[in-house]
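Work out the full structure: start from the sequences and follow the hints.
Just so we're aligned, residue 1 is where the sequence shown starts under full-length UniProt numbering, counting upward by one.
Please note: incorrect hints may appear among the correct ones.
Result set (DMTMM-like, lysine to aspartate or glutamate): computed pairs, CA atoms no more than 25 Å apart in a straight line [as the list claims (entries may be wrong)]: (1) Lys105 x Glu187; (2) Lys105 x Asp220; (3) Lys105 x Glu250; (4) Lys134 x Asp72; (5) Lys134 x Asp220; (6) Lys134 x Glu77; (7) Lys105 x Asp154.
Pair ranges (Cβ atoms, derived) [to be verified]: (8) Arg39 x Ala214: 58 to 66 Å; (9) Arg127 x Met34: 46 to 54 Å; (10) Ser125 x Ser98: 34 to 42 Å; (11) Ala178 x Met34: 38 to 46 Å; (12) Ser210 x Leu86: 18 to 26 Å; (13) Arg39 x Ala123: 19 to 27 Å.
For the record, the hints were derived by calculation from the structure and aren't laboratory data. Built from N, CA and C at the ideal position, the CB exists for glycine as well.
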Amino acid sequence: MALALEAPGFLHSPARELQQRLTSLWAPSPQESMAELRREALSGREVLVQRVAAAAVGVGGMLRPRGEAGNDDLLAERLVNVATSLPFLGLGLHMHRSRHSAEAKQYAAAIMAVGVVATAYHASSGRLRSVLRKADYWTITVAGAALSKAVHRDRRWARRAIGTSMLAVPFFPFHLSAAHTLATQAEFARCARHSAPVRRAFRLHAATASAAIAAFALEDRLAERGVRGAHAVWHVLSCASVATLGALVEHKEGLRRGEGSPHDSVASLDRLGGGSPKGKALD
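So, in structure tokens, the structure goes:
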């Protein structure tokens, strides 16, 4: 039987011809193959366009103002929130007058911007309120970056990284605020180990910052139970926490002038005679 199947006659048998005809019917023609390739290419382009459009929508969602908080529903609560936003403006003005370096003055200006935008946000309504809420996020993030720049002024790589991070402020304000806050807290703790005045300020800062975080985290739950005013408490505690950061900025400026303990790299180089002249920062 196997020999019969392998015989040349079988290759041209009617069964074989029928099989070839059926195969030709099922197989796509060259024109159909080209059309199928075009459809696949078109579907690939459509998928790419859809992904690009989805990415654009996502970016737009980050840039677009989102909703509004419910912490100004009552007139009395709104007035208290406005009143407790103003101290940031006064604190920024005081910092600007008392600080010496350009970076510290930029930080002071950023704190003033936080106070202005927060006050405007709590006093506004309608679409402007939504826009100002997003601006509130941004100004807080910019203030955190400005503080990082003032604290790490003598580290060129840090200044570059901070400047680059400013480009992402409209997209990831919360993440950048957290990163700058952690970097500043680490430097604050490091300096507190070598300076008694900074250590006292750091302890006060840790207490007020922890209380402010607690007030912010519990705000919604307290509001659900009818307890109002947590947002204003957060304003007051945050402003007090920011005020304690002035000791860190002042300490850094003193080290650049050759004052303070020699643990700082710039001050140490000045005392050893291997760094920049006294009163000048390493750029």
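Okay, the hints, checked on the actual structure:
no., hint, result
1, Lys105 x Glu187, "holds (19 Å)"
2, Lys105 x Asp220, "violated (35 Å)"
3, Lys105 x Glu250, "holds (12 Å)"
4, Lys134 x Asp72, "holds (16 Å)"
5, Lys134 x Asp220, "holds (19 Å)"
6, Lys134 x Glu77, "holds (21 Å)"
7, Lys105 x Asp154, "holds (16 Å)"
8, Arg39 x Ala214: 58 to 66 Å, "holds (59 Å)"
9, Arg127 x Met34: 46 to 54 Å, "holds (53 Å)"
10, Ser125 x Ser98: 34 to 42 Å, "holds (36 Å)"
11, Ala178 x Met34: 38 to 46 Å, "violated (54 Å)"
12, Ser210 x Leu86: 18 to 26 Å, "holds (24 Å)"
13, Arg39 x Ala123: 19 to 27 Å, "violated (58 Å)"
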